[in-house]
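Asker: Chains as they are written, first to last, in this note's numbering: chain B, 123 to 460; chain X, 123 to 460; chain Z, 123 to 460; chain U, 123 to 460.
FYI, nobody ran anything at the bench for these hints, they're computed from the structure.
Any given hint could turn out to be false.
Repeated chains share a single entry, so a pair holds when one copy, or any two copies, can fit it.
[To be verified] 27 Å max Cα-Cα, derived DSSO-like pairs, lysine-lysine:
no., residue 1, residue 2
1, K292, K223
2, K407, K223
3, K407, K250
4, K292, K250
5, K250, K140
6, K250, K213
7, K311, K436
8, K311, K218
9, K217, K414
10, K218, K250
11, K250, K182
12, K213, K407
13, K311, K227
14, K250, K414
15, K436, K218
Protein chains: 4
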Amino acid sequence: MTEQFDIVRTSHVEFKVKDLERSRRFYVKTLGFIETYSDSSVIYLRGLEDRFSHSLILSKLGAVEEPSVDHIAYRVRREADLEPIASIFEKQTEKKALWLKEGEKERGRGRAIRVQDPFGFPIEFFCKMDEAEWNLQHFDRYSGARITRIDHVNVLTPEVGTVSDWYMGKLGFLCSEYTEAESKENYEKPILWATWLRRKPTVHDIAIMTGEGPRLHHAGFTVAEKDNILDCADILASSGYLDSMERGPGRHGISNAFFLYLRDPDGHRIELYTGDYLSADPDWKPLRWELKDPQRQTFWGAPAPERWFLEASKVRSVFDGTLIPTREPQNDPRKTVA
Amino acid sequence: MTEQFDIVRTSHVEFKVKDLERSRRFYVKTLGFIETYSDSSVIYLRGLEDRFSHSLILSKLGAVEEPSVDHIAYRVRREADLEPIASIFEKQTEKKALWLKEGEKERGRGRAIRVQDPFGFPIEFFCKMDEAEWNLQHFDRYSGARITRIDHVNVLTPEVGTVSDWYMGKLGFLCSEYTEAESKENYEKPILWATWLRRKPTVHDIAIMTGEGPRLHHAGFTVAEKDNILDCADILASSGYLDSMERGPGRHGISNAFFLYLRDPDGHRIELYTGDYLSADPDWKPLRWELKDPQRQTFWGAPAPERWFLEASKVRSVFDGTLIPTREPQNDPRKTVA
Amino acid sequence: MTEQFDIVRTSHVEFKVKDLERSRRFYVKTLGFIETYSDSSVIYLRGLEDRFSHSLILSKLGAVEEPSVDHIAYRVRREADLEPIASIFEKQTEKKALWLKEGEKERGRGRAIRVQDPFGFPIEFFCKMDEAEWNLQHFDRYSGARITRIDHVNVLTPEVGTVSDWYMGKLGFLCSEYTEAESKENYEKPILWATWLRRKPTVHDIAIMTGEGPRLHHAGFTVAEKDNILDCADILASSGYLDSMERGPGRHGISNAFFLYLRDPDGHRIELYTGDYLSADPDWKPLRWELKDPQRQTFWGAPAPERWFLEASKVRSVFDGTLIPTREPQNDPRKTVA
Amino acid sequence: MTEQFDIVRTSHVEFKVKDLERSRRFYVKTLGFIETYSDSSVIYLRGLEDRFSHSLILSKLGAVEEPSVDHIAYRVRREADLEPIASIFEKQTEKKALWLKEGEKERGRGRAIRVQDPFGFPIEFFCKMDEAEWNLQHFDRYSGARITRIDHVNVLTPEVGTVSDWYMGKLGFLCSEYTEAESKENYEKPILWATWLRRKPTVHDIAIMTGEGPRLHHAGFTVAEKDNILDCADILASSGYLDSMERGPGRHGISNAFFLYLRDPDGHRIELYTGDYLSADPDWKPLRWELKDPQRQTFWGAPAPERWFLEASKVRSVFDGTLIPTREPQNDPRKTVA
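Just need the whole structure built from these sequences, with the hints factored in.
Answerer: Laid out in structure tokens, this is it:
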């Protein structure tokens with residue numbers, strides 16, 4: 123199945139936000155994202171390593187709307203990959219994929235499809251994107267968190283097993299790490315609690331965690347080194363963003379990455395992320411973690427705050443922009459993992 | 123007064139511990155302290171930058187004793203400084219200072235006096251110490267936290283104002299930073315909550331915080347860079363010392379230092395500390411912090427855990443080794459500061 | 123062509139060395155490689171991130187032999203990829219590929235082929251390797267340079283254009299960056315001086331530079347952060363390996379990586395390497411550098427020493443172990459690039 | 123002698139420069155110094171840790187003058203220290219010290235004396251300086267090299283022994299490290315080649331090296347960590363200052379500091395410097411280095427470029443601003459040390 127097409131990597135997300143200037147102060151002035159294009163309704167952002175138009179879009183909400191996620195986008199290897207991918211979704215959801223022309227609804231992106239996946243997530247697939255200036259060696263333009271590129275998205279759903287199986291079986295994602303609960307007191311047999319799935323050979327392009335969903339838990343952006351994250355914490359603390367720092371800095375057990383979780387002015391969560399590993403080999407076996415292991419979430423043992431487990435961004439319909447209703451999981455999301 | 127003598131810096135502390143091998147695994151094998159001398163009852167340790175015998179002594183407890191602090195030691199500039207210092211203590215406490223010959227009770231240390239200060243703390247002053255090999259440029263011997271030297275001690279007392287005034291007025295300490303409480307709801311006028319006092323031109327040689335005392339809250343040891351602290355957290359988490367990491371890594375508001383607080387196998391607390399500032403100028407004014415400012419303790423906003431405020435090491439009599447009784451402060455020690 | 127098989131990444135190299143104990147002191151004790159297996163004739167080494175048997179093999183030379191490279195190995199995705207790869211080499215070189223059974227000539231490696239490529243390099247392809255313990259989160263075992271895995275090889279040949287075209291056209295390598303000379307004074311038209319070719323989506327699996335060849339210029343190993351390289355320089359300087367540090371630490375223009383080049387006790391060169399970029403996108407265009415640009419080699423401008431250009435390891439015949447004769451390039455190799 | 127007064131530390135230097143805007147682009151925009159005050163003839167700069175007006179002054183040269191050093195300034199503990207210091211210089215040089223009122227010739231500085239020392243160097247002593255905003259915890263204002271404060275000056279003179287003896291004997295400086303030449307082939311007995319002398323308890327406030335003098339070799343400014351220096355190299359290389367990077371980054375043997383030497387647009391040399399050690403103890407013995415030891419200059423073994431040894435800034439008369447004539451040393455300055 124996966125030989126028919128090739129999903130390359132997580133490409134970008136679009137956040138709906140209330141106040142573009144407020145968002146610009148956070149993302150551009152403080153975190154140091156590079157602005158590719160903006161007008162009165164949208165800002166396109168990219169990282170220092172990006173050679174293409176955008177890895178984050180901030181678009182202005184209508185007056186009565188609430189902050190939410192417009193879509194999550196993946197890049198495919200060839201234009202011809204879009205057709206078989208559309209078919210898979212159409213067969214499963216009995217809804218036509220939305221075909222977009224170059225630049226339609228999203229400046230700088232090539233021809234694309236948008237679908238609502240069987241679990242409610244708004245997804246875009248595309249092959250081409252306009253080039254943009256590469257800033258990796260313009261060190262004089264580095265500031266804030268020195269974000270290099272997008273790395274992954276992390277989503278909440280009440281049905282981790284089903285979603286993970288579908289992404290692996292239908293779309294060719296591979297599992298790098300996963301969490302199971304197996305304490306006898308609580309469960310008859312091991313329950314799959316969360317999975318870290320990849321297309322590019324790092325730890326993940328998407329993590330799927332148990333929780334009220336469909337919601338986006340966070341988008342993860344890479345930085346080059348741990349010190350960039352410490353510096354960013356200092357800068358946020360000096361810039362009036364004390365409450366934006368939700369969890370960390372610290373090291374994950376899962377993925378081994380060093381992290382800091384931030385909440386943007388609309389409550390969208392992003393992760394600064396560095397130091398995971400190459401997973402290129404075909405026989406790289408998934409790592410299993412137990413839900414009760416304190417080092418799974420934070421290798422140094424510190425627990426995540428409750429709001430990290432409970433709060434997340436609702437997602438929108440790719441067809442009409444309405445918010446997708448959510449369902450609670452059967453199990454307590456505070457035991458989920460990062 | 124201070125022209126009669128010159129206290130140079132905090133030199134070392136002696137911890138009484140239950141099991142020398144257990145302590146050696148923590149301090150030498152895991153944190154990477156250099157062992158200068160040891161026998162069946164004591165281990166003398168120094169940092170990578172030390173050119174003298176020791177900055178930490180671990181000595182074996184008797185069978186029925188509890189972990190405690192034998193003494194805190196300061197170095198003076200000249201042998202002749204000991205006499206006037208002894209006089210000050212004797213006048214205040216009406217107890218004779220204990221004079222120790224070279225090597226008496228402490229291998230490698232020169233002639234010394236020991237006193238119980240007016241607030242119950244066991245203090246040693248001395249001028250000379252045996253030289254030891256310098257390891258700063260033996261990078262092949264670096265391991266663990268890469269501790270360079272002792273920086274300060276931090277003590278708890280119910281009477282911060284009185285103790286601070288005495289150390290400044292009688293012993294010539296200078297104040298670098300301090301915390302006051304001034305919320306109208308709780309206090310008639312500002313209350314001095316904690317002080318950071320120095321002899322060497324850094325932030326402090328001793329911090330004095332409100333709490334049940336006399337007790338030693340922690341001994342602070344320097345490392346060269348923040349990354350040494352992150353590495354140490356990784357190593358502790360890999361070595362079965364997850365519970366030893368009590369607070370941090372993070373940045374202090376007060377002192378600006380990057381820190382990690384550890385509890386050793388006997389519960390003694392040490393701080394890994396780096397990145398404070400030079401305070402050499404004569405007109406360097408103390409910085410004032412408000413007790414209610416969350417950035418005072420941790421610049422990034424994260425609160426300290428309760429046990430960090432409540433637990434500390436009792437201190438011993440320099441005369442007979444008995445534990446000095448403690449008194450509670452009038453105000454809640456959980457609001458004290460690091 | 124490349125759809126018939128999938129070369130995953132550079133897997134390992136085998137160096138022939140004179141004295142295994144001397145090599146162990148350098149690679150294991152000083153640089154901190156993990157030893158998977160050793161006996162009186164060979165040492166198998168891996169990095170902290172490796173989950174498989176080895177990324178470097180050191181094997182003992184016969185009495186009259188000289189230090190040289192036994193083979194360079196690439197991993198393929200499927201066992202079935204070996205057959206079509208063998209055909210390509212056999213067609214080009216008119217020599218039968220050497221088929222090796224699991225463990226034959228190399229402990230822990232699965233079924234494999236070895237070929238002498240059309241330009242003289244000894245190459246191995248295989249799919250399976252025995253698993254080994256993962257040390258990435260055993261931070262208590264980190265030492266020396268904290269090497270995580272192999273990243274690439276860099277070879278010298280008098281015919282960069284021909285070799286690069288062959289690796290790209292026949293084996294499916296992609297070009298990330300390249301250097302051309304185009305000064306009118308010296309050349310009629312631009313000359314391709316060096317190329318950086320990848321299979322895994324980083325900058326390269328193999329770099330091909332103009333020089334006397336076929337020879338291996340160096341094998342590149344990754345570390346997590348720049349500080350690991352600075353620490354390694356300190357450790358080498360403290361351990362009697364001052365002369366081993368040939369070039370750096372510094373930042374490359376090409377690849378953007380931070381680097382340090384070392385010479386092992388037999389003269390084999392390795393590079394410590396960190397901080398290049400993800401090149402996963404299908405339309406990632408090669409970056410062009412001019413030979414005369416000083417920042418191409420070292421972004422900070424410092425030139426490489428002459429021996430870095432001239433010295434390299436000869437390679438052996440996969441059939442009989444004899445040294446492959448070398449040829450000089452037409453142009454001065456000192457102008458080549460790293 | 124030294125009990126009559128107390129020189130606290132090196133405070134600042136004044137460079138005469140040709141083009142203030144060109145200097146501002148280098149020091150403020152690129153290196154990130156904080157500008158305290160400027161007008162059409164002068165710029166006052168301070169570091170992130172400074173709480174006082176300035177640690178570097180850039181003042182505009184007259185049309186026909188050449189770049190040079192106006193004066194080097196030291197801070198004293200008490201106003202009353204100025205009188206005995208003036209006496210020492212007047213007795214030695216038979217020239218009256220120049221007494222300056224608060225703000226005279228230098229905005230923000232208190233009452234001061236200026237003298238030409240017996241070896242030709244223009245020196246200022248003062249006690250008070252105006253306060254300025256502290257930026258250490260305004261991390262949002264950090265940029266460039268993140269310079270924290272001045273650390274030391276380094277001067278060239280043909281008579282290191284005489285100058286060092288005078289500074290130690292008359293002004294109370296202490297020696298931390300020194301270099302001697304003792305190869306039998308060249309010298310009858312050891313020759314003192316360079317000294318590192320301190321007042322504040324770090325490695326030095328002034329280094330005195332053999333060379334054509336009196337000239338200022340460089341002013342050294344501290345940064346918090348090695349990474350700040352690597353980042354600065356990247357920024358300089360991205361900003362058109364490739365030729366400004368003269369030596370490093372690397373680690374010194376002497377002082378153990380990590381360094382990078384820069385040349386400003388007028389050719390004045392500054393050093394970015396971090397990671398030396400505390401030298402507070404009274405019995406801290408000077409470290410001896412041999413001139414022929416390659417690790418003395420650069421612990422990793424790389425030699426300094428020739429211009430580092432030969433080029434330096436001439437100094438001016440405190441009385442009339444004329445350039446002080448220089449003399450060559452008897453020995454080759456290329457063997458001097460940093």
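Asker: All hints, please: hold or fail.
Answerer: Here is how each hint holds up against the structure:
1. In the homo-oligomer, the alpha carbons of K292 and K223 lie at most 27 Å apart inside one protomer (25 Å), although the nearest pairing across protomers, at 35 Å, exceeds that limit.
2. For the identical chains of this complex, K407 and K223 are inter-copy neighbours only, at 24 Å across copies versus 39 Å inside a copy, given an alpha-carbon limit of 27 Å.
3. Taking CA atoms no more than 27 Å apart as the test, K407 paired with K250 passes between copies only; the shortest distance there is 13 Å, against 32 Å inside one copy.
4. When the C-alpha separation of K292 and K250 is checked against a cutoff of 27 Å, the pair qualifies both within a copy, at 22 Å, and between copies, at 26 Å.
5. For the homomeric pair K250 and K140, neither the shortest alpha-carbon distance inside one copy (29 Å) nor that between copies (51 Å) is at most 27 Å.
6. In this assembly of identical chains, the alpha carbons of K250 and K213 lie at most 27 Å apart only when taken from the same copy (25 Å versus 37 Å across copies).
7. Taking the shortest alpha-carbon separations for K311 and K436, neither the intra-copy value of 31 Å nor the inter-copy value of 49 Å comes in at or below 27 Å.
8. Neither within a single protomer nor between protomers do K311 and K218 lie at most 27 Å apart by alpha-carbon distance, with minima of 38 Å and 54 Å respectively.
9. In this assembly of identical chains, the alpha carbons of K217 and K414 never lie at most 27 Å apart, being 40 Å within a copy and 56 Å across copies at closest.
10. For the homomeric pair K218 and K250, the shortest alpha-carbon distance inside one copy (22 Å) is at most 27 Å, but the shortest distance between copies (42 Å) is not.
11. Proximity of K250 to K182 under the C-alpha cut-off of 27 Å is restricted to the intra-copy arrangement: shortest distance 25 Å within a copy versus 51 Å between copies.
12. In this homomeric assembly, K213 and K407 never come within 27 Å of each other (Cα to Cα): the closest approach is 31 Å inside a single copy and 36 Å across copies.
13. Neither within a single protomer nor between protomers do K311 and K227 lie at most 27 Å apart by alpha-carbon distance, with minima of 46 Å and 45 Å respectively.
14. In this homomeric assembly, K250 and K414 never come within 27 Å of each other (Cα to Cα): the closest approach is 43 Å inside a single copy and 34 Å across copies.
15. In this assembly of identical chains, the alpha carbons of K436 and K218 lie at most 27 Å apart only when taken from the same copy (22 Å versus 60 Å across copies).
Of the hints listed earlier, those the structure fails to meet are numbers 5, 7, 8, 9, 12, 13, 14, in rising order.
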